[in-house]
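K.L.:
Residue numbers (my numbering), protein chains in the order written: chain A, 1 to 358; chain B, 1 to 538; chain C, 1 to 203.
Derived by calculation from the structure, the hints in this document are not laboratory data. Check each hint, because a few of them may be wrong.
Stated by the list, open to error - For lysine-lysine, the following BS3-like pairs were computed, each having C-alpha atoms within a straight-line distance of at most 27 Å:
no., chain 1, residue 1, chain 2, residue 2
1, C, K137, B, K465
2, A, K331, B, K77
3, B, K257, B, K208
4, B, K208, A, K155
5, A, K331, B, K465
6, B, K465, B, K369
To be verified - Away from chain B, derived, C-beta distances all over 12 Å, residues of chain C:
no., residue
7, M11
8, S40
9, W47
10, E66
11, D76
12, R104
13, D114
14, D147
15, V149
16, D152
17, Y167
It should be emphasised that the depicted structure is a prediction, and the values quoted were computed from it without experimental measurement. The C-beta atom is built at its ideal place from N, Cα and C for all residues, glycine as well.
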Amino acid sequence: MFNFSIVTEWIHNLLASFMPGWLTTTAECVLIGVGLLLAYSLLALFYIYYERKLCAFIQCRLGPNRVGPMGLCQVFADMFKMLIKELIELKHTDRFLFALAPYLVIIASVLSFACLPWGRGLQIINFNIGIFFLIAVSSIGVLGILLAGWSSNNKYTLIGAMRSGAQMVSYELSVGLSIMTMVCLAGTMSIPGIVEAQADGWFIFTGHIPAIIAFIIYLIAGTAETNRGPFDLPEAESELTAGYHTEYSGIHFGFFYLAEYLNLFIVSGVAALMFFGGWMPLHIPGWEGFNDIMNYIPSPIWFIGKAIAISAIIIWFKWTFPRLRIDQLLKLEWKYLLPINLFNLVLMVLVVVYNLHF
Amino acid sequence: MNIQEKIAGFFPEASFEEGEILRICIPAEKFHELAKTLRDEFGYDYLVTIVGMDWGESLGCLYYLMNTADHSQISIKTSTTDREQPAIDSVADLWRIAVIFEREVYDFYGIIFVNNPDMRRLFLNIDWVGYPLRKDYDENPELNPVSIENERQSDETYVWKRENGKLVKHTERVFNDDDFVVNIGPQHPATHGVLRFRTAIDGEIIKKIDVYMGYIHRGVEKLCENLQYQQTLHFMDRLDYFSAHNYHHGLCLCIEKAMGIEAPRRAQVIRVIMDELSRIASHCLFIGTYCMDLGATTMLFYTLRVREQILDIMERTCGARMTFNYSCIGGLMADIHPDFVKDVKELLAICPKNVAEYNKLFTGNIITKGRLEGVGVLSHDDAISYGITGPSGRASGWACDVRKTHPYSIYPELKFEQVVRTEGDSMARFKNRMDEIQQSVDIINQLIDNIPEGDYCAKVPKVIKLPEGHWFQLVEGCRGLFGVYIESKGAAQPYRLKLVTPCLNLASVVDHITRGDKIADLITIGGSLDYIVPDIDR
Amino acid sequence: MEMKEVTTKSMPYDAWQDNEYIEKLVQELRDSGTNIIVGSLDKLLNWGRSNSVWPLTFATSCCGIEFVSLGAARFDMARFGWEVARSSPRQADFMMVAGTIVNRMVPVFRRLYDQLAEPKYVIACGSCAISGGPFRKSYHVAKGIEDIVPVDVFVPGCPPRPEAMIYGIMQLSRKMKVEKFFGGVNRKESRKEYLAAHPEENC
C-alpha cells in the first residue's frame, strides 16, 4: 500500500533545501492549513449534497438535479448565495460574542477534523494522546452553541442552547466511554497506533461482543453529539423555529450549517477509525488474492469511503425516526447508555486481560 | 309530560317556538337559571354553539344545546334591548367552551357576558372600532385602517360583575409579572398556520397558554350576509380546506331543508363518496404533517402519495385540486367523470396497504410511543364541556359522530363503525384517524358499485329566496361537528349565517391539556388535535 | 455586459410568458453598462443566487397546503434546490405569501419581511395575497399585499396549482439572473445612515 509519508517527506526536503528551518515550518503550516480548509469545505459541500440526495431517495423524490450534472453544482450555488447574504446586526445583543460563536463552532470542528487519519502516512496532528486531544477539541463546539443561543437575545435560541448544552455534555460521556473501551483493546491513544493495531483485523471483528456494543452506543451518542435527528432538539424546527442559530444570517449561519455537516463526517470518521480500521483495507485471513486487490485501493479512499458509509446510517436515522423529548433524551443517556457503557468497559477489560479477543 | 311542559313548570315566563329543534325564549334575567336547569336536570351537557344575533331592535344570543345521552337538541333564545351596554349572564361556569364562544359574540356584537373570566376581544384588535356583525356597523375603512405598525397589545383582561344592580368592570392580568412568556406563533412551523400561543414556561414546563386568534379572521359570516345563497357556498371551501366537500354538504343540506327540496339520490350518493374521500385525504395529510412535527419528515411524503391520488380523482370530476365547489343547492355542479368509479376502486385497493405501511413505519416505533402515549390526556367530561368533537372527541370516549347521532343524507343506510377509544391521549387521537381511514374505505366500498342513475341536480330557481324562519343543520366534517345556522327574513340573502366550526373548540382546549407538560408536548398535543387555523377564525 | 436570453434548463425562451419585463431589465442592464470584472463577478454571484432560492416557511391558509404539495414527491421542488425551507426569516431568500393577509396579520407580516436578510424577494401567491380575492369586501382583510411590501412575482390562482408555483419561482430566479448585484442589489443603508434617519431607534 502506498505510503503518503514519502510525498510529505519529499515536500519537506524540497522546502528545506532552499529555506531556513523556521521558514520551512511556517511554509508547511500554511500549506497544511490551506489544504485542510479546502478539504474541509469541499467535504462539507459534498455532504450537503449527499444528504439531500439520500434523503430524496428515502422520500421517493429526485432531489437536486437541475443545477449542473445531477445537481452537483447546487451546493456551490448555495455557497455563493450564502456568502453574499446580509449579515444582520441585532439590537441589544453582545455583538462580540454573537460574532464569535460561529467561529468557535467551526474552529472546534476544523481542529477535530485535523486529527483524523487520512491515509497511510497522511496524518496532520499526531501525538501519543491523539484520541484524547480529539475528544477535547470537539467539545469546544458546545461552547459556541451556548454562546450563540445566549448572545442572540431571543427566547427560542436560549431554549435551544440550553437543550444543546444539556444534551452535548451528557452524550460526550457516552462517546468518551465507548472510545475508551476501544482504547483498552488497542492499548494506545495515538491515532496511527490505533490504526496499525487493526492491521490484522478491524476492531469490530477482533473485539467481538464488547466492540459491537461499544459501536452501537457510539453511533447513538455520536448522532446526539452532532445534534442530528432523532436528537435534533436544539434546532427542533417544529418547536424552536431554527434553535440556537435562529438569529444568524448569511455566512455566520453558513458556518453553523457547514459545521453541522462536517461534524457528521467527523463522527463517522472516528467510528471508522475506532471500529473499522481507519484507512486499513479489508483483509480476510487466508484470502491472499483478495487482500492484494484490496491493498491496491489507496488508503484515503478507504477512510473516506468508510466514513461516508457510516454517515449514511446516521442520515437514515434522521429521516426515519421522530424526535425525542428532552427528558426522554436525558433518560436514555443517564439511565441506559451510561450503565451499559460502564459494564461494557469492564467486559472489554476482561476480554483484553484474558486474551479472549481474536 | 314532555320537556316543554316541564320547563314551563319551572319557568312560567318562558315562551316556546316549536320547530325541528325546540326553542325556549327566556328573559335575560332568568337565562342563567334556565341554562343551569337544562344542564343539570335535563342532561343538556354539550353546548354546541352560541349564535350572536342582531334583530335590529334587540341584541341577543341563541344557545344550541345537545344531550349527549339521547342526542336530543334544544335551543335557548335570550335578548336585551340595551344597545349601548348589552349584558347577558355568562354560562362559562356551566360549559367551559362558553368562555371562547362568549368572547366571539362580544367581539362581533359587543354583548358583555357578566362573570365571564376573560372578557377580551377574540379575533379583532383591542382598539378596533365597532362591532362588525351588528347591522349598524360602519364599514368605513378609515375607522379601522390597515396598519403596519405593531398591534397594540395588552396583558390585561376584564371581568364584568353585577354589583348593586350595576355592571362593574374589573381588570385582571393574563400572566404574572415574573412569568417567562414565549411567543409561539403566529409565524411558526408548528402552529399549522397563523395561530399564536403565548406560552408561560418554567424551564421546559408549560405553566399557562394564552391562545391568541384572529390572524386569519376573514369575516366570512359578515360577507355571507350580503351574498346570495349560491354565492355563500364557495366560502365553505376556504374554511377547513380539507373538508371542503363536507362543509359544502352541510350548507347545501341546510338550504335545501329550508327550501323543502331534496337532492336526487344520485347526487346524495356522490356527495357521500366525496365526503369520505376528503376524509381519507384529510387524515392522510394529518398523519403526514403530524409526523413531520414530531421530526419524522419522511412520513409526510408517503402519506401525500395517497392524498395526491385522491386529488387526482377529485380534479377529474370537480376541476380543482383544493377548492372544489362541487356540491350546489339541489345536487351537484356536474356529473362525475367517466373514469371516476375505476379510479376510486384503484384507490380503495391500495389504501389498506398504505395504512399498514404507516403503522409499520411510525405507530409501533418506540420513540413514537414515548412521545404520544399518555401525553395530553383529555377526559370524557372535559371533552364534552369543551365540545371537542370529531376524532379527537371520540378518542376521549365520547361517541359524537354526527353521521350516527344525527344521520343525514344516506348515512342511515350505511354500515360503518364509530371509532371510539377511551384513553384520551395523543396516541388515541392519532390511532382514531388511522382507523377512520379504514371506515371511510368501507363506506365507499358499499357505495361505489351502487351509484344510481338519474339526475345529478334537482331543479332549483335561479334566485333562491328562503321563507322567513331559521334552520340548523349538523354534519360531520373531517375534524368534528360542523353546523350551519341560517336565519332568513325572506330575502335572497341570509339575515344571519352562522358557521359552527370544530376547530375553535380544538384550539381553545390546548391550554387545558398542555399545562404541566413540556414544550415539546405542546407540539404533540396541538398536532394531535389537528386544528385548521382558517377554520378557527373564519 | 453581454446578456443572452434569460432562460433555464429545459425551458425554451419562447415558452415564458412575460418576457417583456425581463427584457426591460436586460435593457436597463445594457444601458447602464458595467466594468468587465464586476460584470463577470455579477454573473457568477447571480448564477449562485438564482439557483439557490430558499423559501421561508410561511403560510396562512389554503395556498400553504399546495406549497406542501409542492415539496412532496410528485412536484418535488428539491429538483431546483428550493427544498431548504427555513423557518427563520434570517436565513431565507424569499417569502411565498401563501394565503390571505388580514388586518391583524399585516404588522406581523411586515415584520417578517423586515427580518428577511437582503437580498430578499416576495412572491404573492394566490388571489388573496394579490388582491384580497374572494374576501376582498371583508372588513378585516388587506386588499393585496402590494401596499405592505414590494412584490416581485404574482402567482394567480385560488389556490395556484403547484406547477404554477414552480413557474412563479422560476420567474423569480430569472429576475435574479438579470439584476445587477454590485451597486444594485447589494446596496443597502449603512447602520449610521439608518440611525441618522431614525433617531428614535438610537439606543
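K.L.:
Looking back at the numbered hints, which does the structure fail to meet, lowest number first?
P.N.:
2, 3, 5, 6, 10, 11, 12, 13, 14 and 15
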